[in-house]
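Go by the hints and put chains B and C onto chain A.
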Amino acid sequence: MESIAVGIGLAVGIAGLGVGIGQGLAANGGLQGMARQPEAGKQINNAMLLALVFLELVFILTFVIGILLVGKIH
Amino acid sequence: MDSFLHANLPLAEAAKSEGIGWNIFVYSGLTFAIVFGFVALARKGLKGRVYTSLPTRLAEHLFLFLEGMTVNVIGPQGRKFVPFLLALWSFIFVGNLMGLLLPETPTADWSLNIAMAVITVVYVQWEGIKANGLVGHIKHFAGPKLGGAMVVISGLIFVVEIISELMKLVSLSLRLYGNIHGGHLVRESLDTLIAGIPLGGLLLPLKFFTCIIQAFVWTILTCTYLAIATAHGHDDEHEGDHGGHGHEPELAHA
Amino acid sequence: MNKYGLIGLGVVLVIIGFAVKDQSWTRPEMFAGLELDLGKTITNIGVFLVFIPVITMYFYVPLKEAMDARNNELETTFTDVEQLRTQMQTMKSDYESRLSATEAEARTQIQSQIKEAQALRQQLVSEATERADTMIRQAQLEIDQEKAHAIATIRTHVVDLSLAAAEKVIGENMDSAKNRRLVEEYIDALEVAS
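Top to bottom, those sequences are chains A, B and C.
Quick note: the first sequence uses my numbering, first residue 78, plus one each step.
Quick note: the second sequence uses my numbering, first residue 1309, plus one each step.
Quick note: the third sequence uses my numbering, first residue 158, plus one each step.
FYI, nobody ran anything at the bench for these hints, they're computed from the structure.
Be a bit skeptical, because a hint or two may be false.
As the list claims (entries may be wrong) - Capping the alpha-carbon separation at 30 Å, the derived lysine-lysine pairs in DSS-like fashion look like this:
#: 1; chain 1: C; residue 1: K335; chain 2: C; residue 2: K304
#: 2; chain 1: B; residue 1: K1388; chain 2: C; residue 2: K160
#: 3; chain 1: B; residue 1: K1355; chain 2: B; residue 2: K1388
#: 4; chain 1: B; residue 1: K1352; chain 2: C; residue 2: K160
#: 5; chain 1: B; residue 1: K1438; chain 2: C; residue 2: K178
#: 6; chain 1: B; residue 1: K1355; chain 2: C; residue 2: K221
#: 7; chain 1: B; residue 1: K1388; chain 2: B; residue 2: K1352
#: 8; chain 1: C; residue 1: K178; chain 2: A; residue 2: K149
#: 9; chain 1: B; residue 1: K1453; chain 2: B; residue 2: K1515
#: 10; chain 1: C; residue 1: K221; chain 2: B; residue 2: K1388
#: 11; chain 1: B; residue 1: K1476; chain 2: C; residue 2: K160
#: 12; chain 1: B; residue 1: K1355; chain 2: C; residue 2: K160
#: 13; chain 1: A; residue 1: K149; chain 2: B; residue 2: K1515
#: 14; chain 1: B; residue 1: K1438; chain 2: A; residue 2: K149
#: 15; chain 1: C; residue 1: K178; chain 2: B; residue 2: K1476
#: 16; chain 1: A; residue 1: K149; chain 2: B; residue 2: K1476
#: 17; chain 1: C; residue 1: K160; chain 2: C; residue 2: K249
#: 18; chain 1: A; residue 1: K119; chain 2: B; residue 2: K1447
#: 19; chain 1: B; residue 1: K1447; chain 2: C; residue 2: K160
#: 20; chain 1: C; residue 1: K221; chain 2: A; residue 2: K119
Here chain A stands alone, though its shape is the one from the complex (with noise of 0.2 Å):
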């Protein structure tokens, strides 16, 4: 049981460790492309927002594994 505990922490991490540099490089890329090109930013704005929506669905969806594992330390 402690290592369900332990996985989920680990999953947990990994996948922030992972969500964490991929949002980073999207923010990276979307400010430069904005500070680059101002007159597009509110295009570039809203396709990065979306690039960061869909890099923080990964963590969600480990983020409810966590939560359907929690469920089974007893």
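Chains B and C alone, transformed into the frame defined by chain A:
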């Protein structure tokens, strides 16, 4: 280890508890009441030539924001989707805001989020069928036209597209649920970290930001789905015309 | 499907959702941690099917109508303003032309007045000069007459005095007429010499 987990991990407690159950309707009813109260206030200010009352101006801004978003993503023909997006946006936003102060919120309930996602996906399919006809809409799932033995691949694409439609349902609902419910869990964990000090309050700005972003994300994803579903034709050269929306197909499969 | 159909379907779904509330299949074991309750989902679908048309009718339609009306009003106001502006433009140009015409007229009038005044001045000056000239000439004439008169008087006096002096010198026997002639001749010679 076992006892440690049971004593101190609010996650475990929250997961084991029965949850809010059917009391959610009290909160969603409160959300509807707030939305309709705001709307009633906003309607009062519509008489004048210049909108001076704050709710009316906010309502106008909300309308212009959603209209701009649909026109930006779908194009001028997207204006007819604004009422649907307006209803969803106002419910999600008000529900999320309630979660900042109240212990529970309707949008942190997966059952309700699935209901909203089902309505969104069905609405998107309905609009797709209205735009392209039933046959055209089903053909839409099969991807580009392939001849000969490649029909098998079209069938595979069809299956994948159907699964992706179902995944839209799951991803939409889980995203909102995860953000709002996760925010609650984190706040509760922080509150119990040091007894008597509500450290979770430090998260309020972040959670407020999440509220806006999640309402925005739900509506803009709906816009994107609608843009794909209601696009006329699916030839490669025709898609080239919509160069500005080239990112949509990839996002739809994400 | 119109909105009343949607609302009716929503009400039916709400009733179905409440009806299946206690069935065990509505809570799959697999999603126990996520608190999935399909009865709630069905009910909420019903609620949203009611909510979306109602808020569209109650909020979106009046808002859209009010905004469209306001936009139309603004447009008409703008066209009115445009018309007024063109009117004002024409009036302004009209006024400007009239103003310039008046100005030109005034200038010509002033010019003619100035010319008239100059002519008058010329006339006055010439008249004055003429009068002064006549006066000067008359004065000259008078002066000449006076001078001639004075010279004649002085000559008589001088002749008388000379004669008186000569009488004293020469004596009483001298022919006074002959002497007078001599003296006069002398004086004439003197005058010519002087």
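Now for the hints, and whether the structure bears them out:
no.	hint	in the structure
1	C:K335 x C:K304	holds (29 Å)
2	B:K1388 x C:K160	holds (14 Å)
3	B:K1355 x B:K1388	holds (24 Å)
4	B:K1352 x C:K160	holds (24 Å)
5	B:K1438 x C:K178	violated (34 Å)
6	B:K1355 x C:K221	holds (13 Å)
7	B:K1388 x B:K1352	holds (24 Å)
8	C:K178 x A:K149	holds (25 Å)
9	B:K1453 x B:K1515	violated (46 Å)
10	C:K221 x B:K1388	holds (11 Å)
11	B:K1476 x C:K160	holds (25 Å)
12	B:K1355 x C:K160	holds (26 Å)
13	A:K149 x B:K1515	holds (29 Å)
14	B:K1438 x A:K149	violated (46 Å)
15	C:K178 x B:K1476	holds (26 Å)
16	A:K149 x B:K1476	holds (27 Å)
17	C:K160 x C:K249	violated (57 Å)
18	A:K119 x B:K1447	violated (33 Å)
19	B:K1447 x C:K160	holds (28 Å)
20	C:K221 x A:K119	holds (25 Å)
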